[in-house]
Amino acid sequence: MRTHEADLCIVGAGITGTMLAAKLAAERQLSIVVVEAGEKLFDLDKRFEHRQRYLDYRENSWPGDFIEDQGAEGIISRTMAVGGQALHWAATSLRYSREDFRIRSLYGVGWDWPVSYEELEPYYCEAERRIGVAGSQGPESEGWDPRSEPYPMEAFPLDYNQRHLRDWASKADIEFRVTPTARNTRPYDGRMQCMRCGTCNICPTGAKYSPDFTLKTLLDERAIELVPNTLVRRLELDGKGRHVQRAVAVDRTSGEELEIRARAFALAGGYTWTPHLMMLSANSRSPNGLANSSGLVGRYMCGHRPMWALIEVPHRIYPGLSLSSMITRRFMKPPPGNPYIRHDLALFTHTYGRQPRLRDDGGRLLLGDNLMADWRQRSERGCARVRGYYDVLPAKESRVVLDPATRNRWGDPLPGVEHVEHETSRSLRDQTHQQLMGIFERLVARGRGKILETFVGEYLDHPSGGCRMGDDPSESVCDGTGRTHDHENLWIIGAPTCVSSGCVNSTLTFVALSLRTATFLGKEFPRRS
Amino acid sequence: MFGEGSRRNFLRTLLVWLGSVSSGLLPRWVLTARSASAADGVNEELLHDVASVVLPSELDDGARMDAVKSFLRWLRGYRAGAVLDHGYGFTEIRKAAENPAAGYQNDLTELASRAEAELGADFTSLDAQQKRALIEKEVENRHAATKELPARPDDSHVAVALVTHYFRSSEANDRCHRRQIGARTCRDLFTAAEEPPLLDDGSG
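From first to last, the protein sequence lines are chains A and B. Using our numbering, the first residue of the first sequence is number 6, and each one after it goes up by one. Using our numbering, the first residue of the second sequence is number 74, and each one after it goes up by one.
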């Protein structure tokens, strides 16, 4: 059996595993092996070609970024590759608000985190530096929590469409700002300025941050060992059951079994695959899986629900101009003691009802000049999408399960994700929707618009949880640093540790948590001189 | 000097090269030769006839030729069975359907035979109104319940596929708005703050 040995084994080469590796490699003396089930797709030179295939044929812009027999019911993405889901991401980089970490104390619902905004804030700054976030800080009165450092890059400029939409929304006394994103507004960290190619899922210039850039640097510097195409199937404990001794894996290409021995193990497989691996690692001493004395591994899966309106606005919108979305945080901060009704609000351009079509409303066939005339007429007024995310508090039954009926080719049961909303959250759902609807109606009334359609997502976006953090080992899987309560050398990284989901995109928070874990995990190793 | 195979290769190379040159710059004999190349099994001459009535008349001959050429290039680049985009929120792994070229040629053949049967003439020799009537009848038959254009050409009628390919393009988007937007091109970041310049075709 092939053996890899290192001081630290990181399972998962997505954005959180990458950040953990980068920080530890820079600050501590240790050897790091990063094991990733998926392929290594370092193909910046092919991105223009992949982008073109995506535009012309809708082909997968990251060929080879998934594993055919490694899927799961209820997951939000099939991506499993070196770089993870942040290969595809739009790079929206928002912080959770101060309130998100204290919702039990402030609103009497859910659970407080064992970490405060103030404790996490320096790691938010570090995350923004490492991935390169362009943004501008809004006023605290508009819900922008204080920050100790400016954004690393100036924000994206408002484009022509956005200027009109911002002015339109301000008639309803709602001030939108450009959403911070990990895309370069100037050359940064060896990557070029955004050229607004309009395909952020496959950024051909590398102006959008994705973890492959960091991993490539780490490999060039020989700071880590990367083992791709290798699926970790279980973790095994030492005789006393307090330490993870080795990871047993399979090389997906050759079918060869291998082991990774390390002093510490960090699981960075995200909200589904991390709890999945812990459950797969059940043994006679831990029959419910590793680090699961609380019975909460795979429980309290959370996320935020989107609700949006498509609104006709009295301005021409040019499709294909837009650089980014805009956001307001003012609805994220109800005063303490008020009902837990809070959400962000983002504003996008949209082409709903403004695309060329084959028939008009009367059913008349449109070809040639008629089609163009119809399209032009409908494009005189634009369309905006106004979207709110609100936190959906999870029930304990919101969970990842092992599904014995569905197995990969190695015979391991695959996971299924079942989101179950906590009754408190269910009881607030109608009121939250009413509040959002009221905002949509105010925008329309003040801005001479028209609601074309509203939509409530039945899925939860930016899912997290499954190994939540806490001070009480009977109510959590790991402590506030990410170290599991049950095993001294087993750490959970990023998304699974979240207690709740806040109401903005979560990746920056996952990264900040990962960097914070790196600080504590790093104390196990000598400082680099 | 050339064997039969070499001459064929030379002519093919010449036609490919000529095919990449903007149509407005080419003499009539070249256009005829290019039509006769019948790329991808799709009768190019008939396709141009269809284009002449389903694309906007504001396109000049060159622009219309370019639209047809782009459609044929798209067909040539089609990869049946290629894995399609999944990304975030779309977990189903789907694959590209069979190449639609054969279906398109069937549609063109059907148009030609209807012209023959109903009007006793070549489709090519019909006037625009007659061509449009025949095409509309076929599209009505096949797409009675279709309101939206597909996102890209699929197994629709060849006329709908050609319309889709053109009207979903960056060029059509510019023409619709009469502005140089260039939705599919990589562009300077900071010029986005300004209203896109007028399209330089006299229509803006």
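Hints listed in this document are in silico derivations from the structure and should not be mistaken for laboratory results. It is possible that part of the hints are untrue.
[Stated by the list, open to error] The calculated lysine-lysine pairs, modelled on DSS-like cross-linking and capped at a C-alpha distance of 25 Å, are: (1) K176(A) <-> K338(A); (2) K210(B) <-> K220(B); (3) K455(A) <-> K220(B); (4) K176(A) <-> K455(A); (5) K51(A) <-> K168(B); (6) K204(B) <-> K142(B); (7) K45(A) <-> K210(B); (8) K51(A) <-> K221(A); (9) K245(A) <-> K528(A).
Evaluation of the provided hints:
Taken as a hint, the K176(A) and K338(A) pair is honoured in the structure, with Cα atoms around 21 Å apart against an allowance of 25 Å. Proximity of K210(B) to K220(B) is assessed by CA-CA distance (about 16 Å); at most 25 Å being required, the pair is judged to hold. For the hint linking K455(A) to K220(B), the alpha-carbon distance of about 22 Å falls within 25 Å, and the restraint holds. The hinted pair formed by K176(A) and K455(A) meets the criterion: a straight-line CA distance of about 15 Å does not exceed 25 Å.
Using a Cα cut-off of 25 Å, the hinted pair K51(A) and K168(B) holds, with the two alpha carbons roughly 21 Å apart. Annotation: proposed proximity of K204(B) to K142(B) holds, straight-line Cα distance about 20 Å (limit 25 Å). Of the supplied pair hints, the one linking K45(A) and K210(B) is violated, its CA atoms being roughly 52 Å apart against a limit of 25 Å. Restraint check for K51(A) and K221(A): satisfied, since their Cα atoms lie roughly 16 Å apart, inside the 25 Å limit.
For the given pair, K245(A) sits about 23 Å from K528(A) by alpha-carbon distance, which is consistent with the 25 Å threshold.
In this structure, the one hint that does not hold is number 7.
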